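Chain B: place on chain A using the hints.
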Amino acid sequence: MSMQKCGLFYTTYAREDGLFPSKFQKICLALFFAVLLVCPQFLDSYVMSILNLILIAVIGAVSLNLLTGVCGQMSLGHGAFVGVGAYGAAVLSNMGVPFFLALLGGGAVAAMVGMIFGIPSLRLKGIYLAISTLAAQLILEYVFLHAGSITGGANGLPVDAPEIMGYSFDTDSKIFYLILLVTVLCVLVVTNVIRTRPGRAFVAIRDYHQSAENVGVNLFAFKLQAFGLSSFLAGIAGGLWAHYTMYITPEQFSMGLSISYLAMIIIGGMGSVLGSIFGAIFITLLPEMLNLLTTSLGGIAPDLSAIIVPMKEGVFGLMLVLFLIFEPEGLARKWRLTKAYWKLYPFAY
Amino acid sequence: MEYYLQLIINGLVVGSIYSLVALGFVIIFKATKVVNFAQGELVMVGAYICFALTVQFQLPFLVSFLLTLVFSIALAILVERLILRPLIGEPIISVIMVTIGLSSMLKSFVQMVWGTQIQVFPAILPQEPYMLLGLPIAPVYVAAFGLSVLLFGVFSLFFKYSSLGIAMRATAFDQQAAQSMGIGIKSIFALSWCIAAVVSSIGGIILGNINGINAQLGQLGLKVFPAVILGGLDSLLGAALGGLIIGVLENICEGAAKDLFGLGGFKEVASFVILVIILMIKPYGLFGTKEIERV
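The listed protein sequences correspond, in order, to chains A and B. The C-terminal position of the first sequence is numbered 519 in my numbering, with every residue numbered one higher than the one before it. The C-terminal position of the second sequence is numbered 299 in my numbering, with every residue numbered one higher than the one before it.
Hint data in this document are derived by calculation from the structure and do not stem from the laboratory. All the given hints hold, so there is nothing to weed out.
Derived list of chain B stretches under chain A, where covered just means 3 residues or more per stretch with a C-beta under 8 Å from a C-beta of chain A:
no., stretch
1, 95 to 107
2, 282 to 293
Only pairs whose alpha carbons sit at most 25 Å apart, straight line, appear in this in silico DSS-like list of lysine-lysine:
no., chain 1, residue 1, chain 2, residue 2
3, A, Lys509, A, Lys196
4, B, Lys164, B, Lys37
5, A, Lys295, B, Lys286
6, B, Lys37, A, Lys295
7, A, Lys509, A, Lys193
8, B, Lys37, B, Lys190
9, B, Lys271, B, Lys286
10, B, Lys294, A, Lys295
11, A, Lys193, A, Lys513
Since we're looking at a predicted model, the values are computed, not measured. Glycine included, C-beta positions come from ideal geometry on N, C-alpha and C.
One chain only, chain A, in its complex shape (with noise of 0.2 Å):
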């Protein structure tokens, strides 16, 4: 978060301290809201849905990013925690409990169960962790495939559009106010944790936990806070997703959710924010991406619509493998050295 022009300077800590220091950085923000409020009356509901996606896998991307990128603590559970969210809101939208309440509700499941399963991180780091993070994302889904009287199971489980006061939610362009709404709350909930006491521990925890544990901090109890808020984001997340989808089942969850939220907060950066959001733009555009390429070739090769599915997981890969090679520090640091290069133009240095 540091677009700053040259020449800023601080005349009081408390403007030091703000979440935008500088003027031109709010004109900037306001502008892309600005932007983005007006966008639903320009563009159908195809566009609208990627939008609507994007915003959902933000809140994804940033709480994992949190959990891993901030404080160190690998998770390949995540998607399973969205699950969680997802079918806990589910149920108690269906049993009539307004959206809002809904929503934080599943948050709260989400954050029950994400607390569990990172209970066994305080004795298990690395390796380790990441293992057991990944039995706990194969035990919900199978949880969520065979409790059957609540998931219903297989067949999946309908969900109303979200209603409030009497006004529904229903059409792509109405529930994106409402999931940007959401998403940026969640998003500063996430940056400004990350300015705060608990925040400053966890950084500790990720650098080195012994250290950390000589200085104080309770390595347990923001561990466990960690993996608390992480989920409880992703609950959110899920809930969102249910609400706005309409219809849920357990592939939705599986393992393959959970590796798309680690390749967005790789690919976009580790324990950045805005590296989160760049990430989850990337991850949910690169199908769109090749659905494009492929129907554009269509009338040059026309078998290539059999090879686009098992394609797409490829390139993911490929991706994955090649960011991590070249560019290990992801989109933000990209956008770093965009910045840095334009403070500068047309000056190297």
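Just chain B, lined up with the frame of chain A:
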């Protein structure tokens, strides 16, 4: 009782294949500290290459078997050189993710070439079952078990007595010390990937002969994690025992869950429940090296 005995025998056979795949995993982890999430995909690619050579190119089984091993070695060298080597010294999450990316690429490659439907190997061994303790056992099961015991024997001797094996153990123990004693650790890394790919391919070919192959075969790689965690991430003996124990336990759990609660498909998740329990009680497994940390 006979039902459970049958379950145990099936578990031992499947478990011996888990052991083979776990062996590959442990060899890579021991020498390079890389956690290979693409182990299952190496199994799948090996099985498909052998299938293509025997069925589509009509080569005799033994020839295509050997050609598959050659292909696995080439693939392993390529992967090690292009993907893993640039990441030496990177944080563990990067290394894990790069192998996940690799697994996506391999899966995608197999599906683009052979599609997603089940393919069946032609029968190589006789179909007439042997009788053991009054239970019928297919010859391919016996061959699977025998082959994996044989491979474990070979590798134990290799690591114990051959100079290359000793070099590999030295590298695993302390990379810098090994390097200063004149061991080329880059070639050791490549070698460990080659061994892992070869044993995985053999596992894939055996499995293809038992069940047929499809694009879901890579899922087998996930079963490796409970097996190696139980045995200890860096222990060959642990991999062997862990694979067998997980194979038997998951079959028994499946049978018991169906028998007692009428719960289907518990097999898929049983080994992971066991895994969580092991991690809670004994995180370094039965034979793993404890990491001791001092500030």
